[in-house]
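Trainee: Sequence:
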Amino acid sequence: MPPKCKYKSAEIIDNSSDVARSDQEDASDTSSALTVIVDTRDSINQELDNFKPLALELNHKHGIGKDTSNDIEDPKPMTKKARKGAKKGSETNTVMVTSSSASDSAPGPDAPINIQYNISIFPSSESWKEDVKKRKGFGASYKLKSDIPFGTWTAQLLVRISDKLNPTQIDFSDYDVSFAIPRIIPSPFIIKAEDDYNLLLEHAKKGKESSANIYVQEKVRVPSPKPQKRDKHNDNSNDETDPNDDRSSKKDKAKNRSQGKEKAKTKAKTRIQRDSDIEDEDRPINKNIQALRDHWTCNKKPRCSSEFCFVNPAANGEYLRLTFQHFNCWAAAMLKGPDTAMLDVPPNHDLFQDISEVFAEKNKTPTETLSTSTASLIATGMATNYPNFLPELLVQMIQASCTIPPAQSSNLEAPRPASPSATGSTTMATQRALFSPDQLKSLGERMAIEDFCDVYKLSKPLKDKLVEQGYNSTHALQYATIDDLIASSLYRGEIAQLHNGITLWLGK
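To convert, note that position 37 of the sequence shown is 37 in full-length UniProt numbering; the numbers rise steadily by one, no gaps.
A few of these clues could be false.
[As the list claims (entries may be wrong)] In silico DSSO-like pairs for lysine-lysine, Cα to Cα no more than 30 angstroms straight-line:
1. K460 / K336
2. K192 / K145
3. K287 / K206
4. K441 / K465
5. K134 / K164
6. K145 / K164
7. K287 / K205
8. K129 / K164
9. K192 / K129
10. K206 / K143
11. K192 / K133
12. K287 / K219
13. K133 / K164
14. K136 / K164
15. K219 / K164
16. K219 / K336
17. K287 / K208
[Said to hold, decoys possible] Pairwise CB distance ranges (calculated):
18. T168 / S210: 31 to 37 angstroms
19. H203 / W128: 28 to 34 angstroms
20. W128 / Q325: 16 to 22 angstroms
21. D344 / P461: 54 to 60 angstroms
22. K441 / G470: 23 to 29 angstroms
23. R283 / L504: 28 to 34 angstroms
24. L504 / P338: 38 to 44 angstroms
25. A448 / H499: 16 to 22 angstroms
26. K219 / D131: 15 to 21 angstroms
27. E468 / G493: 30 to 36 angstroms
28. C304 / G260: 27 to 33 angstroms
29. V220 / D195: 43 to 49 angstroms
Bear in mind the hints are in silico, worked out from the structure with no lab data behind them. Since this is a predicted model, take the numbers as computed values, not measurements. Virtual Cβ for every residue (Gly too), placed ideally from N, Cα, C.
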């Protein structure tokens, strides 16, 4: 009786023709197969017990001697059912190694792989948003080998950018390019040089899916300033951004608009007045002002600081400085005719008081001189007591000696009402003027005659007469006299209406 033997593992090569004839089904499945049984100790012992009868039978068949070191009991013949159960149990705990599976080998670590690039392209209008996830843009994706150079990689990227944004010119420096790899580099990392690209490849290979997210942000393009041409009126157009550039930043557009408005306000203040800006009613006055400025340009340089001067004959040729107020008053008076003012003769106005007195003395006729002396003599005679003569007789004698001939009396019927120094009676001249001296010092706002008559409710016939006589504004009325208005067929009631309207206009 051989000793019992315990097996830990077994390797069986079944090439026996006898066994194949006894069990043709099992022999066909196990021929030319290499089986390695790997299991726990209990499962191995169970399998060995099932294979004991088959092992002994094979040993006796081929004349293999008995192993005295192992004691094996004579097993009972193994039935077909037992052999099927043993086969089923071995299939659950075996690994079949074939020549085809052994030939497959994994790629090396340095072999090139395909990397999936998911690209997000954003126009310049989205650059002000700090969070990349909130930007709106275009998407693209493609695969490239990991062994392509950096120049080829940038060229492929620029092709996708050109398809989405369609720029006129394209360059890699016009865009901010960054990458991020899920669960490895979550925050975007800028790509500017080949070293950054190598870092992208290194981390992309670590991921299971070998992919990377590429973010492309277009930079805001600042147009180069163009030289501006100034026209003769300094009326330049506002500097604005190109309205066709849809990708320009909203903040930049708002800033440019605010700067354009400020420039427009500054230019409006300093702009030279055009000829079209002058109203038709002011053109005659402006023409006279220009003529006066050309005529009275001061040549007494550098001793005189004024640009325009009038040589004052009342002060032995002293220069009188002419301002805009002088020119405005003088030009308006010239519109009334040569009897009021001329290019060489200023009007009778408070601004030209000294000049008017000298001109009045020069322009006096002999009759006016006689009447002035007579008036002074009468005043002296009435104020003096003559005890030897009756006052009335003396007055009659003086008046008889100063009687004016009828031919000369016509010259005294309409003396110049606005020159009190010429007549020697300031009170009478003031009464004949439409405006009082106090009113002339504080004129109101300039109004058209039509508006003046409508606002202060003057009659329509009065308005028609004033317009017909050429009074186009309230400032022109300051040079009118009562005699002028009466000569213009104005009634006393209409003159009273005009006085009332002027008082209301001046606020007095």
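Trainee: Now tell me if each hint is right for this structure.
Mentor: Against the structure, the hints come out as follows:
1. K460 / K336: Answer holds: K460 to K336 is near 23 angstroms, not above 30 angstroms.
2. K192 / K145: Roughly 20 angstroms between the alpha carbons, so the hint for K192 and K145 holds.
3. K287 / K206: 90 angstroms, violated
4. K441 / K465: Status holds; Cα separation ~27 angstroms.
5. K134 / K164: 19 angstroms, holds
6. K145 / K164: Roughly 23 angstroms between the alpha carbons, so the hint for K145 and K164 holds.
7. K287 / K205: It is violated: about 89 angstroms lies between the C-alpha atoms, which goes past 30 angstroms.
8. K129 / K164: Within the cut-off at roughly 20 angstroms; holds.
9. K192 / K129: Distance ~21 angstroms between K192 and K129 Cα, so the pair holds.
10. K206 / K143: 16 angstroms, holds
11. K192 / K133: Measuring from Cα to Cα gives roughly 22 angstroms; hence the hint holds.
12. K287 / K219: Judged against 30 angstroms, a Cα distance of about 59 angstroms means the pair is violated.
13. K133 / K164: 19 angstroms, holds
14. K136 / K164: 13 angstroms, holds
15. K219 / K164: 15 angstroms, holds
16. K219 / K336: Distance of about 71 angstroms is beyond 30 angstroms: violated.
17. K287 / K208: Violated, at about 92 angstroms.
18. T168 / S210: 31 to 37 angstroms: 36 angstroms, holds
19. H203 / W128: 28 to 34 angstroms: Between H203 and W128, where Cβ atoms are some 29 angstroms apart, the hint holds.
20. W128 / Q325: 16 to 22 angstroms: Violated, since W128 and Q325 (Cβ atoms, about 57 angstroms apart) do not stay within the stated range.
21. D344 / P461: 54 to 60 angstroms: 38 angstroms, violated
22. K441 / G470: 23 to 29 angstroms: 25 angstroms, holds
23. R283 / L504: 28 to 34 angstroms: Distance hint for R283, L504 holds at roughly 29 angstroms.
24. L504 / P338: 38 to 44 angstroms: 34 angstroms, violated
25. A448 / H499: 16 to 22 angstroms: 19 angstroms, holds
26. K219 / D131: 15 to 21 angstroms: For K219 and D131 the Cβ distance comes to about 18 angstroms; the hint holds.
27. E468 / G493: 30 to 36 angstroms: This hint is violated: roughly 18 angstroms between Cβ atoms.
28. C304 / G260: 27 to 33 angstroms: 45 angstroms, violated
29. V220 / D195: 43 to 49 angstroms: Between V220 and D195, where Cβ atoms are some 27 angstroms apart, the hint is violated.
Checked against the numbered hints above, the structure violates hints 3, 7, 12, 16, 17, 20, 21, 24, 27, 28 and 29; every other hint is satisfied.
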